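J.: If you count the sequence shown from 1, position 250 lands on 249 in numbering that gives the first Met the number 0, and the numbers rise without skipping.
Read the hints as simulated data drawn from the structure, not as lab findings. Predicted model only: the values in this text are computed from it and were never measured. Watch out, some of these pointers could steer you wrong.
[To be verified] Cut-off 30 Å, straight-line C-alpha distance, at most; resulting in silico cross-link-like pairs (BS3-like, lysine-lysine):
1. K92 <-> K119
2. K232 <-> K243
3. K40 <-> K119
4. K40 <-> K96
[As the list claims (entries may be wrong)] Okay, the calculated beta carbon distance ranges per label pair:
5. L25 <-> H156: 17 to 25 Å
6. S100 <-> V262: 17 to 25 Å
7. L225 <-> S129: 39 to 47 Å
8. Q106 <-> R197: 25 to 33 Å
9. N73 <-> I33: 20 to 28 Å
10. A214 <-> M60: 32 to 40 Å
11. L15 <-> I116: 25 to 33 Å
12. G54 <-> S133: 20 to 28 Å
13. H156 <-> E58: 44 to 52 Å
14. V167 <-> R244: 43 to 51 Å
15. Q106 <-> E58: 21 to 29 Å
16. V167 <-> K92: 33 to 41 Å
17. I33 <-> K92: 28 to 36 Å
18. N196 <-> L25: 30 to 38 Å
Even for Gly, the Cβ is constructed at its ideal location relative to N, Cα and C.
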Amino acid sequence: MNTAAGNSTKYASKKLSFWVVFLFALYTMISFGIYLERSLKGDVNNHILAGEMFGTPVELMERGVEPLNRGAENSGWDGQFYYYMSNDIFGVKDTAKHIDSPSYRYQRIGLSLFSSITSKVFLQEWVSPSWYISSYFFLLIFATYAGARLLARHDIHPAFILLWSLSVGTQITLFNALPDAAADAFLILGAAALLSNRYALSVIPLCFAALSREAYALFPSAVLLLHLLYILKTDNDGAGAGIKRLMAWRAEYFLVIPGAVTVA
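Generate the whole structure from the sequences, applying the supplied hints.
T.: Dropping the structure here:
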């Protein structure tokens, strides 16, 4: 018991979590710098790995965004679609003409929406490729810190979050505009708020997680179901008491929102 308390005290230091974030940021910037100079030909615009097969939305073409992968048969990577969507959240421009499956891609609009919102908050005229990856990078920084603090509160070394943030999957999806790591990041932020009993606050990142990967709506739904089952537990009070407790307002009911957003 003394050991557990000691570990808790040591891991509770925010400095340790900041060091974890620093290692993530340093490694990621060095890795992307090498990738940028070699594979992306020194142009950050190329990180979306656009292909000539689908073309480029007119507005973005006018701003200098061009396909990296030339040739009418070269489709490029999926990240190009999510980047295009960030500049046309409501699908009112010609973006859909340059997406392989518009209904499917717009179903996973979470990262695109996040980049669009942050660009407007910081008074950007548009979501440039550099803004897109920068906002994505800072999202992962916040998620890494939140994950580190969450682990520390449960007597686990904060550095274990690096198994996610420095993993190949996380790095590749960040570097190439894919929403996978973003969905994980939103889920981590949501879990951190959820486990701090901040249900209303948790809904925001959990909604973004579900909008990045629709299957992630299962997490808040499962937590809500467990709460409902707990509320319905009657013990010796009788079945009617459980129903009455169920009908009383609880903050946990906010967790129905991510599922509703996903269905909508």
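J.: For each hint, tell me whether it holds in the structure or not.
T.: Cross-check of the supplied hints:
no. : hint                      : result
1   : K92 <-> K119              : holds, 18 Å
2   : K232 <-> K243             : holds, 11 Å
3   : K40 <-> K119              : holds, 29 Å
4   : K40 <-> K96               : holds, 27 Å
5   : L25 <-> H156: 17 to 25 Å  : holds, 19 Å
6   : S100 <-> V262: 17 to 25 Å : holds, 19 Å
7   : L225 <-> S129: 39 to 47 Å : holds, 42 Å
8   : Q106 <-> R197: 25 to 33 Å : holds, 28 Å
9   : N73 <-> I33: 20 to 28 Å   : holds, 24 Å
10  : A214 <-> M60: 32 to 40 Å  : holds, 34 Å
11  : L15 <-> I116: 25 to 33 Å  : holds, 31 Å
12  : G54 <-> S133: 20 to 28 Å  : holds, 25 Å
13  : H156 <-> E58: 44 to 52 Å  : holds, 47 Å
14  : V167 <-> R244: 43 to 51 Å : holds, 47 Å
15  : Q106 <-> E58: 21 to 29 Å  : holds, 23 Å
16  : V167 <-> K92: 33 to 41 Å  : holds, 34 Å
17  : I33 <-> K92: 28 to 36 Å   : holds, 35 Å
18  : N196 <-> L25: 30 to 38 Å  : holds, 34 Å
The earlier numbered hints are all upheld by this structure, with none contradicted.
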